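Chemist: The primary structure of each chain is shown beneath.
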Amino acid sequence: MHQLAFLADSSWITFDVDSFRQQFWDNTFNGLTFGAIYALIAIGYTLVYGVLQLINFAHSEVFITGAYALVFTLTGLGFSGSPPGLGAGALIADLIVAMLAAMLASGVIAVVLERVAYRPLRNRGAPRLAFLITAIGMSFTIQYLFFIWRGASAEPAVIMFVPTPVFEVFGATITDQQLVIVVAAIVLMVLTDMFVNRTRFGRGVRAVAQDPDTATLMGVNKERVILLTFLLGGILAGAAALFYVMKVPSGVVFNGGFVLGIKAFAAAVLGGIGNIRGAVLGGLLIGVVGNYGQTLLGNAQWSDVIAFVVLVVVLMFRPTGILGESLGKARA
Amino acid sequence: MTTSQAARPRRAGRLGEWWNNLPRPQQWAALVPIVVLIYFLPVLNPPLLTTEPYTNFPIAMVHAAELAMVAIGLNVVVGQAGLLDLGYVGFFAVGAYVAALLTSKDSMLHKLPYLATLPLAMVVTMLAGVLLGLPTLRLRGDYLAIVTLGFGEIVRLLATIVPDLKGQVGFQAVGHPPGTKADGSPIFAANNGTPWYWLVVTLIIILLLFVGNLERSRVGRAWVAIREDEDAAELMGVPTFKFKLWAFAIGAAIGGLSGALVAGQTGFMNNQNFSVAFSVLYLAAVILGGSGNKVGVMVGAFIVSYIPDRFTNLSDRKYLIFGLFLVVLMIFRPQGLLGARQRLLSRGRQAYQRLIGRGEQISSESSVAPSGEEGRPA
Numbered sequence: 014m015h016q017l018a019f020l021a022d023s024s025w026i027t028f029d030v031d032s033f034r035q036q037f038w039d040n041t042f043n044g045l046t047f048g049a050i051y052a053l054i055a056i057g058y059t060l061v062y063g064v065l066q067l068i069n070f071a072h073s074e075v076f077i078t079g080a081y082a083l084v085f086t087l088t089g090l091g092f093s094g095s096p097p098g099l100g101a102g103a104l105i106a107d108l109i110v111a112m113l114a115a116m117l118a119s120g121v122i123a124v125v126l127e128r129v130a131y132r133p134l135r136n137r138g139a140p141r142l143a144f145l146i147t148a149i150g151m152s153f154t155i156q157y158l159f160f161i162w163r164g165a166s167a168e169p170a171v172i173m174f175v176p177t178p179v180f181e182v183f184g185a186t187i188t189d190q191q192l193v194i195v196v197a198a199i200v201l202m203v204l205t206d207m208f209v210n211r212t213r214f215g216r217g218v219r220a221v222a223q224d225p226d227t228a229t230l231m232g233v234n235k236e237r238v239i240l241l242t243f244l245l246g247g248i249l250a251g252a253a254a255l256f257y258v259m260k261v262p263s264g265v266v267f268n269g270g271f272v273l274g275i276k277a278f279a280a281a282v283l284g285g286i287g288n289i290r291g292a293v294l295g296g297l298l299i300g301v302v303g304n305y306g307q308t309l310l311g312n313a314q315w316s317d318v319i320a321f322v323v324l325v326v327v328l329m330f331r332p333t334g335i336l337g338e339s340l341g342k343a344r345a
Numbered sequence: 038m039t040t041s042q043a044a045r046p047r048r049a050g051r052l053g054e055w056w057n058n059l060p061r062p063q064q065w066a067a068l069v070p071i072v073v074l075i076y077f078l079p080v081l082n083p084p085l086l087t088t089e090p091y092t093n094f095p096i097a098m099v100h101a102a103e104l105a106m107v108a109i110g111l112n113v114v115v116g117q118a119g120l121l122d123l124g125y126v127g128f129f130a131v132g133a134y135v136a137a138l139l140t141s142k143d144s145m146l147h148k149l150p151y152l153a154t155l156p157l158a159m160v161v162t163m164l165a166g167v168l169l170g171l172p173t174l175r176l177r178g179d180y181l182a183i184v185t186l187g188f189g190e191i192v193r194l195l196a197t198i199v200p201d202l203k204g205q206v207g208f209q210a211v212g213h214p215p216g217t218k219a220d221g222s223p224i225f226a227a228n229n230g231t232p233w234y235w236l237v238v239t240l241i242i243i244l245l246l247f248v249g250n251l252e253r254s255r256v257g258r259a260w261v262a263i264r265e266d267e268d269a270a271e272l273m274g275v276p277t278f279k280f281k282l283w284a285f286a287i288g289a290a291i292g293g294l295s296g297a298l299v300a301g302q303t304g305f306m307n308n309q310n311f312s313v314a315f316s317v318l319y320l321a322a323v324i325l326g327g328s329g330n331k332v333g334v335m336v337g338a339f340i341v342s343y344i345p346d347r348f349t350n351l352s353d354r355k356y357l358i359f360g361l362f363l364v365v366l367m368i369f370r371p372q373g374l375l376g377a378r379q380r381l382l383s384r385g386r387q388a389y390q391r392l393i394g395r396g397e398q399i400s401s402e403s404s405v406a407p408s409g410e411e412g413r414p415a
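Chains E and U, in that order, give the protein sequences.
The first sequence runs 14 to 345 under my numbering.
The second sequence runs 38 to 415 under my numbering.
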């Protein structure tokens, strides 16, 4: 009988339906903000997967490299734990400089990763498992390089500005921070989508994703396309780093990218890996659903659990994700 | 005999060939001194091998043996069936918590004798493996990797969030096997590695016999077929889902057993031992030694466990070292230190030769068939 008491014990799992109902819209909008960040990272996973059929586990470290670069740049520009008293123009200029630095760092590390770790394997025609294990190995290598360099504690918080409420929707306040993140992320995603679907380079990316050999025969430089894909994913991860630090000022720690990366990858799979719009949809969904779970179950860590449960449930019914796979065909 | 030897891939190595050609009784006879030596390692404490003064040598050997058991379990999943499981630490955690919940005074459950929790831990983790496998094993390899990774995280998070699992506070005084010394102190104490080492090594030998027999059976052949080409295996009539589920369940059970052993040996269990990093370390052990090769993965586990214990100034860099190691290994020796890939090819060749009626000439049968069945060259 003790076992039953154990399971029925009120301290096991409790559902806080009341606060869930009260904070529903707050949760939704906040979840969309996090979801936008996941989506930006998820695009990096999805692009690489679309082209190489490789889960780039080290993409989370590409992201955290950007976050480190961002924090260093902002600290260099005089930002610290208290919001700087800058005018809007100067603040935006500083943030853009920091974002460019983060994009540069992430982009460079992504390209280096490709050249150092994945390309030798491709040249040897290694099996897919080898790529995956290399990716895991690189992820750990970069993580623990940061650990040795910066130690186990997080970087000091960098506050960019204090979120101020702008307007209310359904009783939930929307802050300027949420607006900035969501709008900027949407602009970046639309740009990426247009880049892949409308430009010559993008056509190359889609061609390689559909059929690398035929694409090569048609004159597409496959190696350049792969490099470009990693670079693009890195740049978006750098942008995501800005928004992440904006939202979680003291979240830059050597393994801080890992769980975020796993959730972003889950988002990419959820929407249909290899599909940019799927990654966006999956990211937003994971963000929102995770936030609901967090309020309903009363602990922030539930958001990760919920994200994975949703992923497994969706994969059971739609094994290729909500919007289906394939970068090449996802144009509808 | 000569034909098949010439046909065998060079990489198989002369030593392995010679070993596989020995009759089974001779193999056993040769193994006995090795096993005895392994048993007495913590007592002998050989000067060059010893990890003292950094780490107590018997304790270091227990760590190595525990990791070897984990590696054998993970090898069934990754090495035999070719399913990339990145959440293996989750099964380990389930086993550890079964032992802790049922023996520690901090838990509100009925108490059981420690030794009774070992089979129970295996059963519970096996169920967990089946429950995780049922929805996920129909997914393709990459998806499976991410879902298992998620499972590992979920187990760790649950251990943190659910109040009855006590998070970081953990469970003190997890049980241990019965028996006391003359002065009344328990034989199986946390600071006394040798008895634990003997227990773990004995269990490893039993597991090796069990897993080895599985490997040589229809199940093992199905696993190899799935690993090499799942679609082809399915087309040839192998019920791939069923056998993948079996691999998952057996691997999980072994992981649970090692979790329960580690919980008993350290006498303390909290949520700090189950991060994804451990899954990767386990995987590093399997890949490093040579996935699919039981001896290889044990060697890999020994290296992964021994190096941080021996060179303690390296221990906080072990993830860096083993991460880099994985990358370099994949480029230069993807099959690991002791690879096992070529076994399937030799089996295929034997089958072919048997088909064209030259079965009696095969030399390396002992690596494939159970002893004493086939005509063996004198």
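Hints in this document: simulated from the structure, not taken from any laboratory.
The structure displayed is predicted, hence computed values, not measured ones.
Note that the Cβ used here is the ideal one computed from N, Cα and C, for glycine as well.
Careful: at least some of the hints might be erroneous.
[Unchecked claim] Facing chain U, according to a computed beta carbon distance under 8 Å, are these residues of chain E, among others:
{"#": "1", "residue": "A139"}
{"#": "2", "residue": "M151"}
{"#": "3", "residue": "F271"}
{"#": "4", "residue": "A279"}
{"#": "5", "residue": "N312"}
[What the hints assert, rightly or not] Covered stretches of chain U (in silico footprint by chain E; criterion: 3 or more residues with CB under 8 Å from a CB of chain E, positions within the stretch not fixed):
{"#": "6", "segment": "168-175"}
{"#": "7", "segment": "193-206"}
[Claimed, not checked] Ranges of calculated distance between the beta carbons of each label pair, as one might list FRET restraints:
{"#": "8", "chain 1": "E", "residue 1": "G94", "chain 2": "U", "residue 2": "D353", "range": "22 to 32 Å"}
{"#": "9", "chain 1": "E", "residue 1": "R137", "chain 2": "U", "residue 2": "L85", "range": "28 to 38 Å"}
{"#": "10", "chain 1": "U", "residue 1": "P150", "chain 2": "E", "residue 2": "Q35", "range": "44 to 54 Å"}
{"#": "11", "chain 1": "E", "residue 1": "L230", "chain 2": "U", "residue 2": "L246", "range": "26 to 36 Å"}
{"#": "12", "chain 1": "E", "residue 1": "F330", "chain 2": "U", "residue 2": "E265", "range": "24 to 34 Å"}
{"#": "13", "chain 1": "U", "residue 1": "A67", "chain 2": "E", "residue 2": "F330", "range": "22 to 32 Å"}
{"#": "14", "chain 1": "E", "residue 1": "P169", "chain 2": "U", "residue 2": "N228", "range": "52 to 62 Å"}
{"#": "15", "chain 1": "E", "residue 1": "T212", "chain 2": "U", "residue 2": "N350", "range": "17 to 27 Å"}
{"#": "16", "chain 1": "E", "residue 1": "P169", "chain 2": "U", "residue 2": "S312", "range": "22 to 32 Å"}
{"#": "17", "chain 1": "U", "residue 1": "P215", "chain 2": "E", "residue 2": "R137", "range": "49 to 59 Å"}
{"#": "18", "chain 1": "U", "residue 1": "D143", "chain 2": "E", "residue 2": "R163", "range": "30 to 40 Å"}
{"#": "19", "chain 1": "U", "residue 1": "E271", "chain 2": "E", "residue 2": "G94", "range": "51 to 61 Å"}
{"#": "20", "chain 1": "E", "residue 1": "F330", "chain 2": "U", "residue 2": "E271", "range": "16 to 26 Å"}
Chemist: Return the numbers of the hints above that this structure violates; sort them in rising order.
Modeler: Hints 11, 13, 14 and 15 contradicted; others consistent.
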